[in-house]
Amino acid sequence: MQSIIDAVEQEKESRFKKSWAKLDKGSKLNRLTLFIESEVADKELSEDSQKKLKKLLFHVCENGSLNKVNDVEYSEETCEIVSIKNLIYDENKESYSFNLPKKVVKPTAKSKSKIDRHFSRSKENKK
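Residue numbering for the sequence shown follows the UniProt record's numbering, starting at 1 and increasing by one per position.
Hints were generated in silico from the structure; no laboratory data involved.
Even for Gly, the Cβ is constructed at its ideal location relative to N, Cα and C.
No farther apart than 20 Å at their CA atoms in a straight line, the calculated lysine to any residue pairs in the SDA-like style are these:
id : residue 1 : residue 2
1  : Lys55     : Glu44
2  : Lys51     : Tyr89
3  : Lys93     : Leu56
4  : Lys55     : Ser27
5  : Lys55     : Arg31
Restraint ranges, calculated between C-beta atoms of paired labels, are given here:
id : residue 1 : residue 2 : range
6  : Glu76     : Ala41     : 19 to 27 Å
7  : Ser14     : Lys51     : 27 to 35 Å
8  : Ser75     : Asp116    : 51 to 59 Å
Working from the sequences, and respecting the hints, build out all of it.
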């Protein structure tokens, strides 16, 4: 029985000592909540701003925009979020915004059909 309790205690301690990408969804939301609390303390945000920030970050996390390691700077030693890329704080409005990165779509070269190849060869031969 004691070994089970020890295993559970060890799991509690090592639960957040993983890279950001390897944390499960619940752990990520937990760390986001701690990040929000630290931001409220640092920037002395109002309760309304805190709710907006929480809603924004949880929504962005649900969309999958915070899944990559380079999206969130996370310290495995302290188990805390250091900073979030694309999260911008406007000091005048005292509000946060998140710039969604634009996905660059690379055009792929499609293979030519037999008819296209035939016509392109016939054009080359006429020259």
